[in-house]
Amino acid sequence: MLKENEQILQNALKNAREELKARQGQLTNLESKIRLKEDLIRISQQSVRTENEKYFHTVRKCEEKEAYRVSLVQQLGQVNFDLEETGLKIRKLQLSGANLEKKRQRHVDQVKALEGDPENKPEYRSIGEELEVLRDKKRRLDEN
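Its first residue numbered 1, the sequence shown is counted upward by one per residue in UniProt numbering.
FYI, nobody ran anything at the bench for these hints, they're computed from the structure. Some clues are possibly wrong.
[As the list claims (entries may be wrong)] With a straight-line Cα cutoff of 30 Å, these simulated DSSO-like cross-link-like pairs (lysine-lysine) come out:
| # | residue 1 | residue 2 |
| --- | --- | --- |
| 1 | K21 | K37 |
| 2 | K14 | K33 |
| 3 | K103 | K89 |
| 4 | K92 | K102 |
| 5 | K54 | K37 |
| 6 | K3 | K14 |
| 7 | K89 | K102 |
| 8 | K21 | K33 |
| 9 | K92 | K103 |
| 10 | K137 | K103 |
[To be verified] Pairwise CB distance ranges, derived in the manner of DEER restraints:
| # | residue 1 | residue 2 | range |
| --- | --- | --- | --- |
| 11 | L13 | K33 | 28 to 38 Å |
| 12 | K37 | N15 | 49 to 59 Å |
| 13 | Q45 | L9 | 48 to 58 Å |
| 14 | Q94 | V133 | 51 to 61 Å |
| 15 | Q94 | A67 | 36 to 46 Å |
| 16 | G128 | K103 | 15 to 25 Å |
| 17 | T28 | V59 | 26 to 36 Å |
| 18 | N99 | V59 | 56 to 66 Å |
| 19 | E53 | E19 | 47 to 57 Å |
| 20 | Y55 | R91 | 46 to 56 Å |
| 21 | L36 | Q74 | 53 to 63 Å |
| 22 | E53 | Q74 | 25 to 35 Å |
| 23 | L30 | E63 | 42 to 52 Å |
| 24 | D82 | V59 | 33 to 43 Å |
What you are looking at is a predicted structure, and each value in this text was computed from that prediction instead of being measured. All C-beta atoms, glycine included, are put in the ideal place defined by N, C-alpha and C.
Please model the entire structure based on the sequences and the hints provided.
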């Protein structure tokens, strides 16, 4: 009986060692899987960091472009304002030039009227000029 008990214990010990080896193999396999998952997590975290950096870089670039666009719009607004102001100045100069041309033409007409027949004087004669024209007409009538 002792031999049988010893044999049973030997078999139990042998089975326990085999099971221990099997479990150690499973443990090694699980440890290997854990290391792989940890490596995957590290790689994923690095990938996420890289993607975040790219995203923030892109956001910064977009913000810079938007700021540049706003600056250009402001400059364009100033240029448009300057152009409008210049256009108004040009219009004033054109009107001023037109008024000067009218005055010049009036003086030319006055000179022509003084050189020629007093009755052909322009309509905008002064009162003194009108009196002179009327006196000339009266003299001519008196002479006839």
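Structure-based check of all given hints:
Of the pairs offered as hints, the one joining K21 and K37 holds, with about 24 Å between alpha carbons and a cut-off of 30 Å not exceeded. For the proposed pair K14 and K33, the alpha carbon gap of about 28 Å is at most 30 Å, so the pair holds. The suggested pairing of K103 with K89 holds, with an alpha-carbon distance near 21 Å, which does not exceed 30 Å. This hinted pair checks out: K92 and K102 have alpha carbons roughly 15 Å apart, not beyond 30 Å.
A C-alpha spacing of about 25 Å is found between K54 and K37, which places the hinted pair at or below 30 Å, so the restraint holds. As the CA atoms of K3 and K14 are separated by approximately 16 Å, the hinted pair is consistent with the 30 Å bound. A distance of roughly 20 Å separates the Cα atoms of K89 and K102; the hinted pair therefore holds under the 30 Å criterion. Distance check on the hinted pair: K21 and K33 sit about 18 Å apart at the alpha-carbon level, within 30 Å; holds.
For the proposed pair K92 and K103, the alpha carbon gap of about 16 Å is at most 30 Å, so the pair holds. For the proposed pair K137 and K103, the alpha carbon gap of about 28 Å is at most 30 Å, so the pair holds. Remark: the range hint 28 to 38 Å for L13 to K33 is upheld by a beta-carbon distance near 30 Å. Separation of K37 from N15 is about 32 Å and departs from the stated range, judged on CB atoms against 49 to 59 Å.
Distance hint check: the CB atoms of Q45 and L9 are about 52 Å apart, consistent with the given range 48 to 58 Å. Look at Q94 against V133: about 35 Å separates their beta carbons, and that is not inside 51 to 61 Å. Distance hint check: the CB atoms of Q94 and A67 are about 40 Å apart, consistent with the given range 36 to 46 Å. G128 and K103 have their C-beta atoms about 19 Å apart, which keeps the hinted 15 to 25 Å range intact.
For the pair T28 and V59, the supplied restraint of 26 to 36 Å is violated, since their beta-carbon distance comes to about 46 Å. Restraint check, N99 to V59: a C-beta distance of roughly 59 Å satisfies the suggested window 56 to 66 Å. Restraint check, E53 to E19: a C-beta distance of roughly 50 Å satisfies the suggested window 47 to 57 Å. At about 53 Å, the beta-carbon gap between Y55 and R91 stays in the expected band of 46 to 56 Å.
Restraint check, L36 to Q74: a C-beta distance of roughly 56 Å satisfies the suggested window 53 to 63 Å. Look at E53 against Q74: about 31 Å separates their beta carbons, and that is inside 25 to 35 Å. Separated by about 48 Å at the C-beta atoms, L30 and E63 satisfy the suggested range of 42 to 52 Å. Against the hinted window of 33 to 43 Å, the Cβ-Cβ separation of D82 and V59 comes to about 35 Å, which satisfies the hint.
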